[in-house]
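Enquirer: Read in order, the letters of the sequence shown are residues 1 to 418 in full-length UniProt numbering.
Each hint should be verified, as a subset may be incorrect.
[As the list claims (entries may be wrong)] Below, in silico cross-link-like pairs of lysine to aspartate or glutamate (EDC-like), each with a Cα-Cα straight-line distance of 20 Å or less:
1. K390 x D373
2. K290 x D173
3. K124 x E264
4. K64 x D111
5. K94 x E38
6. K90 x D51
7. K90 x E38
8. K368 x E358
9. K142 x D287
10. K64 x E20
11. K69 x E35
12. K94 x E20
13. K90 x D113
14. K69 x E26
15. K90 x E78
16. K179 x D287
17. K60 x E46
18. K60 x E35
19. K390 x E405
20. K69 x E46
21. K124 x D51
22. K414 x D394
23. K90 x E35
24. K276 x D287
25. K142 x D221
26. K390 x E403
27. K64 x E78
Since the hints were made in silico from the structure, they are not lab data.
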Amino acid sequence: MITMRYSLLELNSLVREAIENALPMEYWVEAELSECRESRGHCYMELIQKDELSATPIAKAQAKCWANKWLTIRPYFERTTGQQLHIGMKVLLKVYPQFHEAYGFSWIVTDIDPTYTLGDMARKRQEIIQKLKAEGVFDLQKELQLPVFCQHIAVISSQTAAGYGDFCNQLADNPYNFKFETQLFPAIMQGESIGQSIIAALERIYQMQTEDLELRTSLFDCVVIIRGGGATSDMSGFDTLALAENVANFPIPIITGIGHDRDESVLDMVSHTRVKTPTAAAALLIDHLKAVQETIEGAQSMITHYVQQKLSIANSHLSIISESIPRLFSVVKTRQEAKIDALYTRMPMLIERRLTTESHRLQLIDEKLKALDPALLLARGYSITLHNGKSVRDPQQLQPGDEIETRVEKGIIKSIIA
Numbered sequence: 001m002i003t004m005r006y007s008l009l010e011l012n013s014l015v016r017e018a019i020e021n022a023l024p025m026e027y028w029v030e031a032e033l034s035e036c037r038e039s040r041g042h043c044y045m046e047l048i049q050k051d052e053l054s055a056t057p058i059a060k061a062q063a064k065c066w067a068n069k070w071l072t073i074r075p076y077f078e079r080t081t082g083q084q085l086h087i088g089m090k091v092l093l094k095v096y097p098q099f100h101e102a103y104g105f106s107w108i109v110t111d112i113d114p115t116y117t118l119g120d121m122a123r124k125r126q127e128i129i130q131k132l133k134a135e136g137v138f139d140l141q142k143e144l145q146l147p148v149f150c151q152h153i154a155v156i157s158s159q160t161a162a163g164y165g166d167f168c169n170q171l172a173d174n175p176y177n178f179k180f181e182t183q184l185f186p187a188i189m190q191g192e193s194i195g196q197s198i199i200a201a202l203e204r205i206y207q208m209q210t211e212d213l214e215l216r217t218s219l220f221d222c223v224v225i226i227r228g229g230g231a232t233s234d235m236s237g238f239d240t241l242a243l244a245e246n247v248a249n250f251p252i253p254i255i256t257g258i259g260h261d262r263d264e265s266v267l268d269m270v271s272h273t274r275v276k277t278p279t280a281a282a283a284l285l286i287d288h289l290k291a292v293q294e295t296i297e298g299a300q301s302m303i304t305h306y307v308q309q310k311l312s313i314a315n316s317h318l319s320i321i322s323e324s325i326p327r328l329f330s331v332v333k334t335r336q337e338a339k340i341d342a343l344y345t346r347m348p349m350l351i352e353r354r355l356t357t358e359s360h361r362l363q364l365i366d367e368k369l370k371a372l373d374p375a376l377l378l379a380r381g382y383s384i385t386l387h388n389g390k391s392v393r394d395p396q397q398l399q400p401g402d403e404i405e406t407r408v409e410k411g412i413i414k415s416i417i418a
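Let's have the full structure, built from the sequences with the hints guiding it.
Expert: Rendered as structure tokens:
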């Protein structure tokens, strides 16, 4: 049996001819961008289609828009939509197939329909954001405050990620010798399992934090979610509703540093603070503690200055008082001596006046006593009846057989009560 043999170039040429013959026209195709970059005026894209239920990629293809077309398409698209082409955008492209013997197959883009706007990934992201806002949880993390001494850090990252090592090294080698304690909660940071893996890590942190709070202490001051690099297309794993809700409702501040400057995930939006990289997250914590230190040092300096100022004023007052004491004592002594002299001079007159006053008062008392003398009453014809030496005021006080005395001016009459 004779088998025809082809060189790779010959076979690839046959493929190119077959494609050109079978697909001679331009076609409009819907696709999602999983990669989009410019180089030397050309735009290179990776197109992807995902299964609607599992979000698993079911088709991929390379696409190129050459500079002669891209320089016209790009400004019109951006002016119409108000945004640039970006990963996650679903686009409607006009393409024709091209197979190159050395570079393989790709779709050549000749036009992009700007009315097709945001793609499926971006649309889902917007739906998630709106749902979080409707639930009233979108800004919950922003309402939390980093503890003043934020040094106990729970880290969610891949254990082997370079970004995790960079984060720990940055904290350990800080120029201020601040001490940080970190505890890693490993999680998958790439692929479709990102969301569930991070949620599981958050649940472990929450469980430990809750158990520790029962002992009236706080185990962690904040959570840091970081990854070092990774494919941009994996950013969709940070845009799930379940992950966003878990982060938004978490009771301690969450800092994210998952990379990619030009992309902001829903996770970034709902977190307490978003930074670009793991090292930026470490720098944030160091700067926070530095600001606290500066505040303390500023307060210490202010208190020291205030105390010194008060001591200086007090010393000045004491000096003035000590200098004025002899003079004040002399003045007081002179005044007191003058008072004593004046009192000594007036003393005989004051004594004589007091004796006169008291003599007059005694005369008045004597006259009152004489006016009250019972003998005067008896001389006027009155009598006094006594029983057992006490005057009788009420006949009811007496009993038959009681002996009474009746005193009159000229004597005493004794009687027996019948």
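Enquirer: Would you mind marking each hint as holding or not holding in the structure?
Expert: Quick rundown of the hints versus the structure:
| no. | hint | in the structure |
| --- | --- | --- |
| 1 | K390 x D373 | holds (16 Å) |
| 2 | K290 x D173 | holds (14 Å) |
| 3 | K124 x E264 | holds (14 Å) |
| 4 | K64 x D111 | holds (11 Å) |
| 5 | K94 x E38 | holds (18 Å) |
| 6 | K90 x D51 | holds (14 Å) |
| 7 | K90 x E38 | holds (18 Å) |
| 8 | K368 x E358 | holds (15 Å) |
| 9 | K142 x D287 | holds (19 Å) |
| 10 | K64 x E20 | holds (17 Å) |
| 11 | K69 x E35 | holds (19 Å) |
| 12 | K94 x E20 | holds (16 Å) |
| 13 | K90 x D113 | holds (11 Å) |
| 14 | K69 x E26 | holds (15 Å) |
| 15 | K90 x E78 | holds (15 Å) |
| 16 | K179 x D287 | holds (13 Å) |
| 17 | K60 x E46 | holds (7 Å) |
| 18 | K60 x E35 | holds (11 Å) |
| 19 | K390 x E405 | holds (10 Å) |
| 20 | K69 x E46 | holds (18 Å) |
| 21 | K124 x D51 | holds (15 Å) |
| 22 | K414 x D394 | holds (18 Å) |
| 23 | K90 x E35 | holds (12 Å) |
| 24 | K276 x D287 | holds (15 Å) |
| 25 | K142 x D221 | holds (15 Å) |
| 26 | K390 x E403 | holds (12 Å) |
| 27 | K64 x E78 | holds (18 Å) |
No hint from the list above goes unmet by this structure.
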